[in-house]
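Taken in order, these protein sequences are the chains called E and B. With the working numbering as the guide, the letters of the first sequence map in order to residues 1 to 244. With the working numbering as the guide, the letters of the second sequence map in order to residues 1 to 104.
Hints in this document: simulated from the structure, not taken from any laboratory. All residues carry an ideal CB built from backbone N, CA and C; glycine is no exception. Watch out, some of these pointers could steer you wrong.
[Unchecked claim] DSSO-like mimics (lysine-lysine), calculated; alpha carbons at most 27 angstroms apart, straight line:
| # | chain 1 | residue 1 | chain 2 | residue 2 |
| --- | --- | --- | --- | --- |
| 1 | E | LYS40 | B | LYS14 |
| 2 | B | LYS9 | E | LYS198 |
| 3 | B | LYS61 | E | LYS40 |
| 4 | B | LYS64 | E | LYS40 |
| 5 | B | LYS9 | E | LYS192 |
| 6 | E | LYS114 | B | LYS9 |
| 7 | B | LYS9 | E | LYS40 |
| 8 | E | LYS114 | B | LYS14 |
| 9 | E | LYS114 | B | LYS61 |
| 10 | E | LYS111 | B | LYS14 |
| 11 | E | LYS111 | B | LYS9 |
[Said to hold, decoys possible] Covered stretches of chain E (chain B as the covering partner; in silico rule of three or more C-beta atoms under 8 angstroms from a C-beta of chain B):
| # | segment |
| --- | --- |
| 12 | 41-48 |
| 13 | 83-89 |
| 14 | 130-137 |
| 15 | 189-201 |
| 16 | 227-234 |
[Said to hold, decoys possible] Chain E is nowhere near these chain B residues, computed Cβ spacing over 10 angstroms in every case:
| # | residue |
| --- | --- |
| 17 | LYS61 |
| 18 | ASP95 |
| 19 | VAL96 |
Each chain is listed here by its residues.
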Amino acid sequence: MAHDSHDAHDSHVYVPEIAVDREGKEHVVQGWQGDYEGGKLGFWLFMLTEVMMFGAMFLALTYYYTLHQQDFLIASASLNRWLGGFNTVVLLFSALTMGLGLLKMRHGDVKGAKLMIWTTILLALVFLGVKAVEWTAEYHHGIFLGLDALQSGNEHSKPFGQILFFGMYFTMTGLHGFHIIIGIGLMLWLLKRINAQKVTPDHNILHFNIALYWDLVHLIWVFVFPYFYMIGAGDIAGGVVHGH
Amino acid sequence: MVTSYLIEKVGYYKVLIGLLLLTVVTFSLPEVVVSKYTFSAQMFIATVKAWLILMYYMHLKGEKTIGWSVLFSLLIVAFFFSIVMIDVNNFQYTDVSHITSPTK
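So that you can see chain E by itself, here it is in the shape it has in the complex:
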């Protein structure tokens, strides 16, 4: 039964379905629309699948690293860790703004919450921009998926361990970047839902879950950054010139 009379202000309020039994008695059907805990648990289950997926990639990475330690250290030392470090700080602040946005929403400051979400989107775009600069520089140095340096068996081929390192580097940072793009889309959708008053201070599970997603994206970077950029830092690889 549709309830068209409800306006946008309270359209997220659950109006129970009514079931009628054989004797004509009416019964309220249990609804789960307001189930905050269930919504949270469901989203955590999704995030655990993300952990499994990235966990498997880290497992492959560690497998190759164990077999090709020196090549990994040399390849790691050649990455631009200033750009990687800058992006780490950008993501860290974006996690803060996302968290503060949720806090403001929960305490009734919808305008402040929206400002924080826009700030997070801006920081996410900065992250992607820096990543694009980094990948472009690597491409101009002949290091990119499909180029000769990362194919075995030609005169420009890098040592095999380095081919594996860069293959994993582009795959994992690429997949992480894809999650950033999805995150931006989710935040734009969240803003739309807030404007439509479908997400409000009393009904904020969508905001909560998207903030959780953003924290997961940050969490994955917390491991991606040291694994690719920092393991070859210092002089551990034997005097390799840093940065592309």
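Following the hints, complete the assembly by docking chain B onto the known chain E.
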């Protein structure tokens, strides 16, 4: 209401400072101390950062059901990690595997 808002807000900033300090350590440690333990040290710092994010930014502190679910799935990942690491540390096919010597 306002008090709890301020307490939570201050909490967010405290965690931010902790994460920033750990990022500085991540960045500077290999330049200061060149060691074969760089990799282990980096992963340890990352784990501490991850713990801070999970507990405070992802609100797992005080969450029993979800907390145990997360811990359980991480243990499964760790379990498979251990098995594979034991295997790869005893890798016997260096001369024939394409993972180690593609041209042979």
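Now the hints, each set against the structure:
Taken as a hint, the E:LYS40 and B:LYS14 pair is honoured in the structure, with Cα atoms around 25 angstroms apart against an allowance of 27 angstroms. At roughly 25 angstroms between alpha-carbon atoms, B:LYS9 and E:LYS198 fall within 27 angstroms of each other, so this suggested pair holds. Simply put, B:LYS61 and E:LYS40 have alpha-carbon atoms about 14 angstroms apart, close enough for the 27 angstroms limit, and the pair holds. Under the criterion of a C-alpha separation no larger than 27 angstroms, the hint pairing B:LYS64 with E:LYS40 is consistent with the structure, at around 13 angstroms.
A threshold of 27 angstroms between alpha carbons decides the hint, and for B:LYS9 with E:LYS192 the separation of about 25 angstroms falls inside it, so the pair holds. Using a Cα cut-off of 27 angstroms, the hinted pair E:LYS114 and B:LYS9 holds, with the two alpha carbons roughly 16 angstroms apart. As the CA atoms of B:LYS9 and E:LYS40 are separated by approximately 22 angstroms, the hinted pair is consistent with the 27 angstroms bound. Pair hint E:LYS114 plus B:LYS14 holds up; C-alpha atoms about 23 angstroms apart against a cutoff of 27 angstroms.
Distance restraint check for E:LYS114 and B:LYS61: the Cα-Cα separation of roughly 26 angstroms lies within the 27 angstroms cut-off, and the hinted pair is therefore satisfied. Among the hinted pairs, E:LYS111 with B:LYS14 is consistent with the structure: their alpha-carbon atoms are about 24 angstroms apart, no more than 27 angstroms. Restraint check for E:LYS111 and B:LYS9: satisfied, since their Cα atoms lie roughly 17 angstroms apart, inside the 27 angstroms limit. With 4 residues bearing a CB less than 8 angstroms from a CB of chain B, the segment 41-48 of chain E meets the requirement of three and the coverage assertion stands.
Taking a C-beta to C-beta cut-off of 8 angstroms, the segment 83-89 of chain E contributes 3 residues in contact with chain B, enough for the three needed, and the coverage statement holds. Only residues whose C-beta sits within less than 8 angstroms of a C-beta in chain B count toward coverage, and the segment 130-137 of chain E has 0 of them, not enough to reach three; the restraint is violated. Residues of the segment 189-201 of chain E with a Cβ under 8 angstroms from some Cβ of chain B number 0, which does not satisfy the need for three, so the listed coverage is violated. Closer than 8 angstroms: that is the beta-carbon criterion, and the segment 227-234 of chain E has 5 residues meeting it against chain B, so the requirement of 3 holds.
Every C-beta of chain E lies more than 10 angstroms from that of B:LYS61, the closest at about 13 angstroms, which supports listing it as non-interface. Residue placement check: B:ASP95 keeps its beta carbon more than 10 angstroms from all beta carbons of chain E (closest about 13 angstroms). Consistency note on B:VAL96: stated as away from chain E, and its beta-carbon is indeed over 10 angstroms from all of that chain's, at 13 angstroms minimum.
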